[in-house]
Each structure stands twice: as structure tokens, then as C-alpha cells.
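Chemist: Same order as they appear, the protein sequences are chains U and C. All residue numbers for the first sequence refer to my numbering, where the first residue is 21 and numbers rise by one. All residue numbers for the second sequence refer to my numbering, where the first residue is 5 and numbers rise by one.
It should be emphasised that the hints constitute simulated quantities derived from the structure, not laboratory data. Where a beta carbon is used, it is the ideal one built from N, C-alpha and C, also for glycine. Any given hint might turn out to be false.
Stated by the list, open to error - If you want the ones that stay clear, here's a sample from chain U, every Cβ over 12 Å from chain C, calculated: (1) 24; (2) 36; (3) 50; (4) 60; (5) 63; (6) 83.
Unchecked claim - Pairwise CB distance ranges, derived in the manner of DEER restraints: (7) U:75 <-> C:59: 27 to 35 Å; (8) C:46 <-> U:100: 41 to 49 Å; (9) U:25 <-> C:5: 24 to 32 Å.
Claimed, not checked - Subject to a maximum C-alpha distance of 30 Å in a straight line, what follows is the list of computed DSSO-like cross-link-like pairs (lysine-lysine): (10) U:64 <-> U:47; (11) C:58 <-> C:103; (12) C:103 <-> U:64; (13) U:71 <-> U:47; (14) C:58 <-> U:64; (15) U:64 <-> U:91; (16) U:71 <-> U:91; (17) U:64 <-> U:82; (18) U:82 <-> C:103; (19) U:47 <-> U:91; (20) U:82 <-> U:71; (21) C:58 <-> U:82.
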Amino acid sequence: NAGVMQNPRHLVRRRGQEARLRCSPMKGHSHVYWYRQLPEEGLKFMVYLQKENIIDESGMPKERFSAEFPKEGPSILRIQQVVRGDSAAYFCASSYRGSENEQFFGPGTRLTVL
Amino acid sequence: GIQVEQSPPDLILQEGANSTLRCNFSDSVNNLQWFHQNPWGQLINLFYIPSGTKQNGRLSATTVATERYSLLYISSSQTTDSGVYFCLGGGADGLTFGKGTHLIIQP
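Just chain U, with the same shape it has in the complex:
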């Protein structure tokens, strides 16, 4: 019974490139959440998705960032034209039902922008 899976675990990009982070929720979970953890800081909510729908994107930067959770396949967090300030750990979580339910976290993707 696999937990939440994220890949890649480590990603290095040069400024201006695109970063694609993937998250496969736990089996049976249809709700996915993305969080960002800057170095030496806590985790900040970015976006909450249900299959094919964005429920809450109040924590997403207005530009360059987008997220999707298609009917088939993993959830994708996409960062276009990365800048050094995007360097962080990006965590994905999933829950069986909505945000009032227990969330389980993946191992994170550590993005480094050179």
C-alpha cells in the first residue's frame, strides 16, 4: 500500500527553465495539496485540487506557477521561468476526502535553481 509518491526527489534547474513536479496520491485519495518550504522556514499552503478541479489556489503565486490534477495520472506543479527564489522543498499531500480530513505527505521534491 504505497504512500504519497513524488518525483523527482531532487531537481536542478537554471534560471529561466521550467520545473515540473509530480505527485501521485495514496490509493483511493482524490484530494491533493501542494505546500512549499523555503530554507529554514515552515510550510506554506499553495494549492488544493480535486480530480480535474482546483478547489483553492489562494497560496499560489500569481505568475509562473500552475497546478493540475487530471482525471488520469499524477498531479503536476509547474513552475515556468524559474528564479533563484523558487529554490525550496515542495511537498505534496493527499487525503481521502476534503481538507477537514487527515493529510498524508510525500517525501518532497527539492528544487535548486542555479
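On the provided structure of chain U, position chain C as indicated by the hints.
Modeler: Chain C alone, transformed into the frame defined by chain U:
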């Protein structure tokens, strides 16, 4: 959105000591979780506890929803308990992590 405050921000203890970590939240929550982020960065679920009391080995947690706080108790600390402890609070109106308590257990 909801505000979540954790205290203390840092805590250094000797092995074998007990500790209490606190999480205050600014509004009612439907979801309250405690996590341990180990030195490798992994987030380990400790408790899902929007109300009541739970225990798991040396760890226990209590949430008093009407007074908007939750407590995490660690008894007989071990060096492997070191790391950062986060609480996550919220519900349908959004989710917020506290800034964490950085715990160091010295041998």
C-alpha cells in the same frame, strides 16, 4: 485565513526529559494534525486530532477545540525525537502550518 502559533520556537532537553509543545489557532478548526519533520526532511504523521486526546507510545496529544489550542506531549525523550514539530490547522476555509518547534534532544 486561520492563524496558527506554535510555542516554544526552540527547545533543548536532555535525553529522558518530558516536554510539552503547544499550538494555538485563531479560529475553529475541522482539521488539526501534528507532524515531526526529521533531519532528512520527511514529514511524519503523529496525530490527526481535531478534538479530544490520543496516545501513541511515548507521545500523546490533546486538542481543546473550544479554547482553540492543542498540546503535544513527549515523554522520556530520545535523541531520535530531535527535529521540528509542526501543527497544521484549518478546514474548508483553508489550511495553515505553524512555524514549528525545533526540538534538540541531547544525549
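Chemist: For each hint, tell me whether it holds in the structure or not.
Modeler: For each hint, the structure was consulted:
Not every C-beta of chain C lies more than 12 Å from that of residue 24 of chain U, the closest at about 10 Å, which undercuts listing it as non-interface. The claim that residue 36 of chain U is not at the interface with chain C holds, since no C-beta of that chain comes within 12 Å of its own (minimum 27 Å). With a minimum CB-CB distance of about 16 Å to chain C, residue 50 of chain U clears the 12 Å threshold, and the non-interface call stands. Not every CB of chain C is more than 12 Å from the CB of residue 60 of chain U (nearest about 10 Å), against its label as outside the interface.
For residue 63 of chain U, the non-interface assignment is contradicted: its Cβ lies about 4 Å from the closest Cβ of chain C, within the 12 Å cut-off. No Cβ of chain C approaches the Cβ of residue 83 of chain U within 12 Å, the least distance being about 21 Å, so the stated non-interface status holds. A hinted range of 27 to 35 Å holds for the C-beta pair residue 75 of chain U and residue 59 of chain C, which are about 33 Å apart. Range check, residue 46 of chain C to residue 100 of chain U: Cβ separation about 28 Å, and the 41 to 49 Å hint is violated.
Checked against the given bound of 24 to 32 Å, the beta carbons of residue 25 of chain U and residue 5 of chain C, roughly 28 Å apart, stay inside it. A distance of roughly 25 Å separates the Cα atoms of residue 64 of chain U and residue 47 of chain U; the hinted pair therefore holds under the 30 Å criterion. Proximity of residue 58 of chain C to residue 103 of chain C is assessed by CA-CA distance (about 23 Å); at most 30 Å being required, the pair is judged to hold. Of the pairs offered as hints, the one joining residue 103 of chain C and residue 64 of chain U holds, with about 9 Å between alpha carbons and a cut-off of 30 Å not exceeded.
About 13 Å separates the Cα atoms of residue 71 of chain U and residue 47 of chain U, which keeps this hinted pair within 30 Å; it holds. With a C-alpha separation of about 26 Å, the suggested pair residue 58 of chain C and residue 64 of chain U falls inside the 30 Å cut-off, and the hint holds. Between residue 64 of chain U and residue 91 of chain U the alpha-carbon distance is near 26 Å, which keeps this suggested pair within the 30 Å criterion. With a CA separation close to 6 Å, the supplied pair residue 71 of chain U and residue 91 of chain U stays within the 30 Å bound.
In summary, the hint linking residue 64 of chain U to residue 82 of chain U is supported, as the alpha carbons are separated by about 15 Å, within the 30 Å threshold. Distance restraint check for residue 82 of chain U and residue 103 of chain C: the Cα-Cα separation of roughly 24 Å lies within the 30 Å cut-off, and the hinted pair is therefore satisfied. Distance hint between residue 47 of chain U and residue 91 of chain U is fulfilled; the C-alpha atoms sit about 14 Å from each other, no more than 30 Å. For the hint pairing residue 82 of chain U with residue 71 of chain U, the CA-to-CA distance comes to about 22 Å; that is within 30 Å, so the pair holds.
This hinted pair does not check out: residue 58 of chain C and residue 82 of chain U have alpha carbons roughly 40 Å apart, beyond 30 Å.
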